[in-house]
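This is what each chain is made of:
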Amino acid sequence: KAGVTQTPRYLIKTRGQQVTLSCSPISGHRSVSWYQQTPGQGLQFLFEYFSETQRNKGNFPGRFSGRQFSNSRSEMNVSTLELGDSALYLCASSLWDRETYEQYFGPGTRLTVT
Amino acid sequence: AQSVAQPEDQVNVAEGNPLTVKCTYSVSGNPYLFWYVQYPNRGLQFLLKYITGDNLVKGSYGFEAEFNKSQTSFHLKKPSALVSDSALYFCAVRGLYSGAGSYQLTFGKGTKLSVIP
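Heads up: the sequence lines are chains A and B, in that order.
Per this note's numbering, the first sequence starts with residue 92, numbered consecutively.
Per this note's numbering, the second sequence starts with residue 39, numbered consecutively.
Errors might be hidden in some of the hints.
[What the hints assert, rightly or not] Think about it this way: if two alpha-carbon atoms lie no more than 30 Å apart in a straight line, the pair counts; the simulated DSSO-like pairs of lysine-lysine are:
(1) B:K115 <-> B:K60
(2) B:K60 <-> B:K147
(3) B:K150 <-> A:K104
(4) B:K87 <-> B:K115
(5) B:K60 <-> A:K148
(6) B:K87 <-> B:K60
(7) B:K115 <-> A:K104
(8) B:K147 <-> A:K104
(9) B:K107 <-> B:K87
(10) B:K107 <-> B:K96
(11) B:K147 <-> A:K148
(12) B:K60 <-> B:K96
(13) B:K115 <-> B:K147
(14) B:K147 <-> B:K96
(15) B:K60 <-> B:K150
(16) B:K115 <-> B:K150
(17) B:K96 <-> B:K115
(18) B:K87 <-> B:K150
(19) A:K104 <-> B:K107
(20) B:K107 <-> A:K148
(21) B:K150 <-> B:K96
Everything labelled a hint here was simulated from the structure, so no lab data went into it.
Source: prediction; values computed, not measured.
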């Protein structure tokens, strides 16, 4: 079974631009979560989608948004990029299992904002 | 709110020696705890989890973790370290139910493990 895939793997953008990142979950997984990873802050939860609905949201500004499609693929968008948005963005998928909540991570998209 | 602390940014251990990566947590209710590993330029890989039952949990690649409720700790261990174990290790705790069918995972800041040949 194929793992979680994320595209693109690397991105370079300038301040003020916007960016869209894509995530394809493991087949059969309906939950997709997004995380931002930086050296200083570690892994921070952005949001989670299940069946095209946002079920949970972390403490990030409204410039960060996402969506999920009917095939469970998900995109996240960051508008008006700031230098501090430079990070590794990780996507994770899981079965909807409230007892274990085991997540499978993709390789990430490395975003650099200049 | 839940939180996870990994008190050591880096742990160095000689190959063949036992290793321990420390984690303490704070959460309301029964803790659901996880360890993940991240190799360079890769996403996180699941190692093991504690939900309930035995305090010693066995996971992938020979790793195990010991849950201690009184000390609110969940330390990762391995009897004999390999050079290939060198990576970034994250402890995580599942937080409160969001009310929308979702739980949020909160991660520690990670511990870089270096196994020296």
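Each hint, compared with the structure:
1. Between B:K115 and B:K60 the CA atoms are separated by roughly 9 Å; this keeps the pair inside 30 Å, and the hint holds.
2. At most 30 Å may separate the alpha-carbon atoms for a hinted pair to count; B:K60 and B:K147 meet this at roughly 12 Å.
3. Only pairs whose Cα atoms come within 30 Å are accepted, and B:K150 paired with A:K104 is accepted, the gap being roughly 29 Å.
4. Pair hint B:K87 plus B:K115 holds up; C-alpha atoms about 13 Å apart against a cutoff of 30 Å.
5. As the CA atoms of B:K60 and A:K148 are separated by approximately 28 Å, the hinted pair is consistent with the 30 Å bound.
6. For the hint pairing B:K87 with B:K60, the CA-to-CA distance comes to about 15 Å; that is within 30 Å, so the pair holds.
7. A C-alpha spacing of about 41 Å is found between B:K115 and A:K104, which places the hinted pair above 30 Å, so the restraint is violated.
8. This hinted pair checks out: B:K147 and A:K104 have alpha carbons roughly 26 Å apart, not beyond 30 Å.
9. Taking the CA atoms of B:K107 and B:K87, the gap is about 15 Å. The hint holds against a cut of 30 Å.
10. Distance hint between B:K107 and B:K96 is fulfilled; the C-alpha atoms sit about 17 Å from each other, no more than 30 Å.
11. Annotation: proposed proximity of B:K147 to A:K148 holds, straight-line Cα distance about 20 Å (limit 30 Å).
12. For the proposed pair B:K60 and B:K96, the alpha carbon gap of about 16 Å is at most 30 Å, so the pair holds.
13. Taking the CA atoms of B:K115 and B:K147, the gap is about 18 Å. The hint holds against a cut of 30 Å.
14. Straight-line distance between C-alpha atoms of B:K147 and B:K96 comes to about 23 Å, which keeps the hinted pair within the 30 Å bound.
15. Note on B:K60 and B:K150: the hinted pairing holds, with a Cα-Cα distance of about 11 Å set against a maximum of 30 Å.
16. Restraint check for B:K115 and B:K150: the C-alpha separation of about 14 Å stays at or below 30 Å, so the hint holds.
17. Taken as a hint, the B:K96 and B:K115 pair is honoured in the structure, with Cα atoms around 10 Å apart against an allowance of 30 Å.
18. For the given pair, B:K87 sits about 20 Å from B:K150 by alpha-carbon distance, which is consistent with the 30 Å threshold.
19. Taken as a hint, the A:K104 and B:K107 pair is broken in the structure, with Cα atoms around 46 Å apart against an allowance of 30 Å.
20. With a C-alpha separation of about 29 Å, the suggested pair B:K107 and A:K148 falls inside the 30 Å cut-off, and the hint holds.
21. This hinted pair checks out: B:K150 and B:K96 have alpha carbons roughly 21 Å apart, not beyond 30 Å.
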